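K.L.:
Each chain, written out:
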Amino acid sequence: MNAIFTAIFFAALLLFLFTDPDLFLASMLKGGQKAATLTLSLLSVYCVWLGFFKVMERSGAMRGVARITAPLARKLFRTRDEEAIALSAGNLSANLLGLPGAPTPLGIRATKRFLATGHDFAAEMLFVLNATSLQLLPTTVIALRLAMGSLSPADIFLPTLLTTAFTTLLGVFLLLMAQKCGRRRK
Amino acid sequence: MKFVSLIVPLLFLVVFAVALFRRVKLYDCFAEGAKEAAPLLLSVFPYLAAMLILSELFESSGLARMIADFLTPFYRLLGIPPEISSLVLIKPFSGSGSLALLSELFTAYGPDSYIARCAAVAYGSGETVFYISAIYFAGTKKKLLRPIAVSLLANFAGVVLGCLLVRIL
Chain C
1 MNAIFTAIFF
11 AALLLFLFTD
21 PDLFLASMLK
31 GGQKAATLTL
41 SLLSVYCVWL
51 GFFKVMERSG
61 AMRGVARITA
71 PLARKLFRTR
81 DEEAIALSAG
91 NLSANLLGLP
101 GAPTPLGIRA
111 TKRFLATGHD
121 FAAEMLFVLN
131 ATSLQLLPTT
141 VIALRLAMGS
151 LSPADIFLPT
161 LLTTAFTTLL
171 GVFLLLMAQK
181 CGRRRK
Chain Y
187 MKFVSLIVPL
197 LFLVVFAVAL
207 FRRVKLYDCF
217 AEGAKEAAPL
227 LLSVFPYLAA
237 MLILSELFES
247 SGLARMIADF
257 LTPFYRLLGI
267 PPEISSLVLI
277 KPFSGSGSLA
287 LLSELFTAYG
297 PDSYIARCAA
307 VAYGSGETVF
317 YISAIYFAGT
327 KKKLLRPIAV
337 SLLANFAGVV
347 LGCLLVRIL
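Protein chains in written order, with this note's numbering: chain C, 1 to 186; chain Y, 187 to 355.
Everything labelled a hint here was simulated from the structure, so no lab data went into it. Among these hints, one or two may not hold up.
With a cut-off of at most 25 Å between alpha-carbon atoms, the simulated DSS-like pairs for lysine-lysine come out as follows [to be verified]:
id, chain 1, residue 1, chain 2, residue 2
1, Y, Lys-327, C, Lys-180
2, C, Lys-180, Y, Lys-221
3, C, Lys-180, Y, Lys-328
4, Y, Lys-329, C, Lys-75
5, C, Lys-75, C, Lys-112
6, Y, Lys-221, C, Lys-34
7, C, Lys-75, Y, Lys-328
8, C, Lys-75, C, Lys-180
9, C, Lys-180, C, Lys-112
10, C, Lys-112, Y, Lys-221
11, C, Lys-112, Y, Lys-329
12, Y, Lys-327, C, Lys-112
13, Y, Lys-211, Y, Lys-221
14, C, Lys-112, Y, Lys-328
A few chain C residues that face chain Y, going by a derived Cβ cut-off under 7 Å, partial list only [said to hold, decoys possible]:
id, residue
15, Met-1
16, Leu-15
17, Phe-53
18, Ser-59
19, Ile-68
20, Ala-70
21, Glu-124
22, Val-128
23, Pro-159
24, Leu-162
25, Thr-167
26, Leu-170
27, Gly-171
28, Leu-175
29, Ala-178
Since we're looking at a predicted model, the values are computed, not measured. Beta carbons: idealized from backbone N, C-alpha and C, even for Gly.
Work out the full structure, taking the sequences as your base and the hints as a guide.
P.N.:
Structure, rendered in structure tokens:
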């Protein structure tokens, strides 16, 4: 991450020097402002979902979800930690349903828990699942196409679904391969 | 679409009813959960800020444009329309940035054109890899090369497949 940040930062900085030096600070400030407004709007979303998840946890429904998904989760994440599995299961189902903002707080907590208990592989797996997109219905895109006057806004549904299923499977496969190669080298 | 809008209310109904049945104090419990929102975001904020500042620089410096142009022949070889190359490049960094590009493409080529449909699939099947890594792994010393490379590669292969599917489906 540090390498990527450094490379892009310097390349952009050099470009600004030759094109429009005034724009450099302005762009950084704009990015900072985006972060601030995004964080504020996330604060309101997280209040709702974290409140909801606490109720779900207390009611025992979370443990139920964990128990149902446990056999699969044990294979996928290679851990028996019940709390982390429950959080991940919640994260993945919120992703599938496309509940806006709901997956992230669960994902962050699950990742923290995985890393704290030394399950680095599980944290990577959860990240790959999230970063290859699991959403079943591309609601944002369909709404945008509808607003722009598309005649059949949902006709991208099938290709998107097939593609996103493919990326997720490929991501899981590549991570497993990378893990195997890494272990052999040691 | 009607069914989809029922999911969230029904979810709350079921969970809160079960909680009530188990004698959970709903008000206290909900507030206790909401209390975690601010600290959680506070721990994530610095990384989120660094990432969003970086993606702003990446786009507004013209660097993204230059790399996208440079990659055009390569994209054409893989069957990706060169018009969407900026979108493919920006998507891993920023959701709002790529959504803006998507809506520009819709306006320029019409939402039902081949290019717009490729863009829609590329947007819908990919994810903001760097953004997610910034918030999920905020503050960890973990090496992130493997998960990030894997996700980027899988998403890029998805764009190639998506453009192919748009053509044949």
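K.L.:
None of the hints should be skipped; say for each whether it holds.
P.N.:
Each hint, compared with the structure:
For the given pair, Lys-327 (chain Y) sits about 22 Å from Lys-180 (chain C) by alpha-carbon distance, which is consistent with the 25 Å threshold. Using a Cα cut-off of 25 Å, the hinted pair Lys-180 (chain C) and Lys-221 (chain Y) is violated, with the two alpha carbons roughly 41 Å apart. At roughly 18 Å between alpha-carbon atoms, Lys-180 (chain C) and Lys-328 (chain Y) fall within 25 Å of each other, so this suggested pair holds. The suggested pairing of Lys-329 (chain Y) with Lys-75 (chain C) holds, with an alpha-carbon distance near 23 Å, which does not exceed 25 Å.
Taking the CA atoms of Lys-75 (chain C) and Lys-112 (chain C), the gap is about 20 Å. The hint holds against a cut of 25 Å. For a cut-off of 25 Å, the pair hint linking Lys-221 (chain Y) to Lys-34 (chain C) stands: about 24 Å separates their Cα positions. Simply put, Lys-75 (chain C) and Lys-328 (chain Y) have alpha-carbon atoms about 23 Å apart, close enough for the 25 Å limit, and the pair holds. With a C-alpha separation of about 15 Å, the suggested pair Lys-75 (chain C) and Lys-180 (chain C) falls inside the 25 Å cut-off, and the hint holds.
A threshold of 25 Å between alpha carbons decides the hint, and for Lys-180 (chain C) with Lys-112 (chain C) the separation of about 24 Å falls inside it, so the pair holds. Between Lys-112 (chain C) and Lys-221 (chain Y), the direct Cα distance comes to roughly 18 Å. Compliance with the 25 Å bound is thereby established for this hinted pair. Among the hinted pairs, Lys-112 (chain C) with Lys-329 (chain Y) is consistent with the structure: their alpha-carbon atoms are about 15 Å apart, no more than 25 Å. A hinted pair counts as satisfied when its Cα atoms are at most 25 Å apart, and Lys-327 (chain Y) with Lys-112 (chain C) qualifies at roughly 12 Å.
The straight-line distance between the Cα atoms of Lys-211 (chain Y) and Lys-221 (chain Y) is roughly 16 Å, inside the 25 Å bound, and the hint therefore holds. Restraint check for Lys-112 (chain C) and Lys-328 (chain Y): the C-alpha separation of about 12 Å stays at or below 25 Å, so the hint holds. Annotation: interface hint on Met-1 (chain C) holds; nearest CB of chain Y at approximately 5 Å, less than 7 Å. At its closest, the beta carbon of Leu-15 (chain C) sits 4 Å from a beta carbon of chain Y; the interface hint therefore holds under the 7 Å criterion.
Hint on Phe-53 (chain C) holds. Least Cβ distance to chain Y is approximately 6 Å, under the 7 Å limit. With a least beta-carbon distance of about 4 Å to chain Y, the hint placing Ser-59 (chain C) at the interface is held under the 7 Å criterion. A cut of 7 Å between beta carbons decides the hint on Ile-68 (chain C): the least distance to chain Y is about 15 Å, and the hint is violated. For Ala-70 (chain C), the interface hint is violated, since its Cβ never comes within 7 Å of a Cβ in chain Y; the closest pair sits about 19 Å apart.
For Glu-124 (chain C), the suggested interface contact is upheld, since its CB lies about 4 Å from the closest CB of chain Y, less than 7 Å. For Val-128 (chain C), the interface hint holds, the least distance from its beta-carbon to any beta-carbon of chain Y being 5 Å, beneath 7 Å. About 4 Å separates the beta-carbon of Pro-159 (chain C) from the nearest beta-carbon of chain Y, less than 7 Å, and the hint is met. At about 6 Å, the closest approach between the beta carbon of Leu-162 (chain C) and any beta carbon in chain Y falls short of 7 Å, and the interface hint on this residue holds.
A hinted interface residue such as Thr-167 (chain C) counts as satisfied when its beta carbon comes closer than 7 Å to some beta carbon of chain Y; here the least separation is about 4 Å, so the hint holds. The restraint placing Leu-170 (chain C) at the interface with chain Y holds, with a minimum CB-CB distance near 4 Å, inside the 7 Å limit. The criterion of a C-beta within 7 Å of any C-beta in chain Y is met by Gly-171 (chain C), whose closest approach is roughly 4 Å, and the hint holds. For the restraint placing Leu-175 (chain C) at the interface with chain Y, the shortest Cβ-Cβ distance is roughly 5 Å, inside the 7 Å limit, so the hint holds.
For Ala-178 (chain C), the shortest C-beta to C-beta distance to chain Y is roughly 5 Å, which falls under 7 Å, so the interface hint holds.
In summary, the numbered hints that this structure violates are 2, 19, 20.
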